[in-house]
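Protein chains in written order, with this note's numbering: chain H, 1 to 194; chain Z, 1 to 280.
Keep in mind that the hints were calculated from the coordinates and are not lab data. Some clues are possibly wrong.
[Stated by the list, open to error] Residues of chain Z clear of chain H, computed beta-carbon distances all greater than 10 Å: (1) Q38; (2) R116; (3) H129; (4) E131; (5) F219.
[Said to hold, decoys possible] Below, simulated EDC-like cross-link-like pairs (lysine to aspartate or glutamate); rule was C-alpha separation at most 16 Å, straight line: (6) K94(H) - D57(H); (7) K108(Z) - D57(H); (8) K185(H) - E173(Z); (9) K185(H) - E118(Z).
[Claimed, not checked] Chain Z is faced by these chain H residues, among others (derived, beta-carbon under 8 Å): (10) P90; (11) A116; (12) N119; (13) W184; (14) A190.
The beta-carbon is built from N, C-alpha and C at its ideal position, and this holds for glycine as well.
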Amino acid sequence: MGEHEVKRIEAPLLAKTVNALRAGMRVAISGTLLTARDAAHKRLVETVERGETLPVDLKRQVLYYTGPSPAPLGLVIGSAGPTTSGRMDPFTPKLLALGVRGMIGKGQRSPEVVEAIKNYRAVYFVAIGGAGALLSQHIVASQVLAYPELGPEAIRRLEVEDFPAIVVIDCRGGNLYERGLQEWKGRASAPGPG
Amino acid sequence: MRKVEAAKIIDAVEEMCMRAAVELPAAVEYMLRQGRQQEQSPLGQTILSDILRNAEIARRKRLPICQDTGTAALWVQFGQQVQIVGGELEQAINEGVRRGYERGYLRKSIVRDPLRRENTGDNTPAAIHYEIVPGTTLRLRLLPKGGGCENMSRMAFLRPGEGVEAVKSFVLETVEAAGANPCPPVVVGVGIGGTADQATWLAKRALFRDLRDKHPDPFYADLEQQLLRLINNTGIGPQGLGGTVTALAVKVETWPCHITALPVAVCLNCHAARAAEVSL
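Chain Z with its partners taken away, still in its complex shape (with noise of 0.2 Å):
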C-alpha cells in the first residue's frame, strides 16, 4: 500500500479551488480564441474579445473569472493501493474545498437543505464522484461548475429503434431551450447509455475532458462534430444574441446499457469552463 497523508489532500484541494477560480485552462483559452475567429456576428465578436480579456483580468489580479465560483465537483480517481493516512478522505477533501473558498475569496454558494435554503457558509460539501482504479495514484479532478450552466442539464430516456436522429435531436432541443442562460458559447457534454444516474454522470464526466481532444471512437467523434456543427447552426451565439459560435465542443461518452432503454442526459457548462486536477 502506498500511503497519502490527509493534509497533503487537504492542501491539494484548497490550491486547486484558488487556482480554478481564477485561471481559465489553457484548452478554453485556445476553443474561446477559435470561435472569435470562426463567429460571424460583429456583436459576438466583440463578446468573445471581452470574454478573453475578462479571463486575463482575472489572472492577473486574481480575481474569480465568475463570480459564481461553482459546486465544487470533483471526480475522484482512487488508486486501490493507496492508503490514506491522518484523516478521512471525504473530510479533507471537504476541509480543502473549505479552506480554499475562505482564503481565494470564492463565493459561497452551497445551501444546507434544497427547500428551506440556509447557506452552509463555506461551500461545502462538494459533490464527489468516487472511482476505484488500479495503482498507487490518488488523482483529483475538479471542475467548479456555475449554477446558470447546470439549471439547463436534461436526462430523457430515448426509444432505442430511434437510435442517433433521436439523441441529436434531444441534445439540440436542450442547447435551444436553454438559450442564452447557460453563457453561451458552451461546453456539451453528452451522456448516452447506462442507467438513469449513469448517464447523468457520463455527461457530467465529459466536461472534464480537455477540449481539444478527440473521441477514440471515431463513429463518436463524427458524432461530436455533427453536434458541434448542429447546435453551432441555432443562431444563438455568444450570450444568445445572435451568433455562429454557440458551443466550443461537444464531448460525448457512452457506456453499456439494457436492451429496452436508450438514456442519454446532457449537462452543459459556460464558456467560463473552469478546472484543474491533481496526482498524489
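Next comes chain H alone, as it looks inside the complex (with noise of 0.2 Å):
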C-alpha cells in the first residue's frame, strides 16, 4: 500500500500489527487506547518499584499522552490532542518492559526509548498536535481508570474509532523524523507564509 494511504488497525495490538507497521504509514485506530501523561507515568513506575501491583494492566496497551480538556455537558470528553512525548522518556523503556506496545504523542522521542522500541517490538505514532477539537471526534466514550485525583492527568480509558495517527517509529527503528529532515532541507521555494 502508498505511505498516503491510511490503514485500518484495532488497539490493544497484536504482534503482527506491529511488525506490519513501518515508519510514514497512516493508520486509523479503533479500540481502546490508556491516557497517561507526566504525573500518571512517575506513579505507574514508582508502584512497580515499590512491588505493588499497577492498577491498570499494560500488557498491548496503546498509550496516549494526552490531558483533555474538560468534557463539555453532553459530550465524552473535550479537545484531546497529544502532548509532548519527550517528558516520558525517562519512563517509557520500563513501561514497555511492563507490556506497553504502543505510544501516541508528538515530539522526538530519546536514543534510550528509540532502542526499547526496537527491543520490545513496539510502536510510536504521532497525532497532530494543537488538533484535539478534531480528535476528539473519534473518541466515543472515556472513563477514569485510575488517579482521578490527577484531573487532567488520570489514566483514562478511551474508545476510539478510526483515530488518526502516523506511525514514526517502527519496531525495526525506522524514524520518519530522521528521514523527514533529510528528505526536505534546503528545499523550501518560497521563504514562507508571513
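Combine both chains into one complex, guided by the hints.
Set out below in C-alpha cells:
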C-alpha cells in the first residue's frame, strides 16, 4: 500500500499488527487506548518499583499522552490532542518492559526510547499536536480508570474509532523524523507564509 | 480621570478566554492557508489541511482548538487617565480567567508552586505584563500560551561584534533544537536588546503582533524574511515530520541596550496561535 493511504488497525495491538507498521504510514486506530502523561507515568513506575500491583493492565496497550480539556455537557470528552512525548522518555523503557506496545504523542524520543521500541517490538505514533478538537471527534467513550485526583492527568480508558495517527518510529527503528529532515532540508522555494 | 468598573474587566477577560480557546484568529487561519499552498511535502499538506479542519470544528462546536488552553498571558496597556473602580485590577483579571476557564470547559493547567506542583484548579494566576501608556483606554490583550511551545524558549547574551549573523544562528539553532515539540508550523517571536528580562518579554510581545503585518523598520522587515526563509529550509515541516513550512511568520522586536551586550531571546508559538483583545 502507498505511504499516503490510511491503514486501519485495532488496539490493543497484536504482534503481527506492530510488525506490519512502517515509519511514514498513516493509520486509523479503533479500539481502546489508555491515557497517561507526566504524573501518571511517575506513579506507575513508582508503584512497580515498590513491588506493588498496577491499577491497570498494560499488556499490549497503547498509551495516549494526553490531558484532555473538560467534557462540555452532553459530550464524552473535551479537546484531546497529544502532549510532548519527550517528558515521558525517562519512564518509557520501564513501561515497555511491562507490556506497553504502542504510544501516541508528539515530538522526538530519546535514543534510549528508540532502542527500547526496537527491543520490545513496539511502535510510536504521532497524532497532530494542536488538533485536539478534530481528534476528539474520534473518541466515543471515556472513563477514568485510575488516579482521578490527578484531574486532566488521570489514567482514562478511551474507546476510539478511526483515530488518525502517523507511524513515526517503527519496531525496526525506522524513524520518520530523521527521514523527513533529510528529505526536505533546503527545499523551500518560497520564504514562507508570513 | 476616566472610570472603568472592575466588573467590566471581569466580564471582558472571561469572554476573551472563552472566545480565544475556540476561535482561531483570522490572521492565523490565513497564514495556515498560505502554508497549505506553499508546503511541498504531501504528508505536510495533509497535516495542514487537518489543522485547518480542526480550527473549523473548534469554531463550530465551541470546543478548544487544543486541549492545552494555556497560561493566560495578558499584556495590559493601561491608559494613565484610567481609574479602576469597584475592585482591584489584578484581582478582576484573575477572576475573569477563573470564570472563563470554568464556563468555557477549558483545561486548568497552572500549578501553585513550580516544585511542589499542586494544581490551582482554576488556571489562575494569569501571567500579566503591565504597560502604562498615555490616554484614557484600558487595552487588555490575551495570549493563551500552550506549554509545549513555551518550553522551547531560549535566551542568550551574544557578542555585540558578531552582530546580526550571531542572532540568525541563535534563532535557527533554537528552532532546530525544538524540532517537532512546539507543534510546527510555529510563529517565532524574537526579542533583541534591552536587559535579560526585557529581551525575553520582547520575544513574547512579538507574538502578539498580527501575523500579516510587516515590521515598520525595513532593516527588521528584511531580517524577519531572512529568518523565515532559513527556518523554512530546515526541513522540519508541519509537526516535524518533514516539509517546507516550519514557520508561519517571524516577528522581531528590539530595544536599546548596553554597549557590552547583545541579548537575544526566542519565544515560539504553536500553529494554534490563539489571541483575543478588548479595549475598555
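Report the numbers of all earlier hints that the structure fails to satisfy, in ascending order. Checked against the structure, the hints that fail are numbers 1, 7, 9, 10, 11 and 12, while the rest are satisfied.
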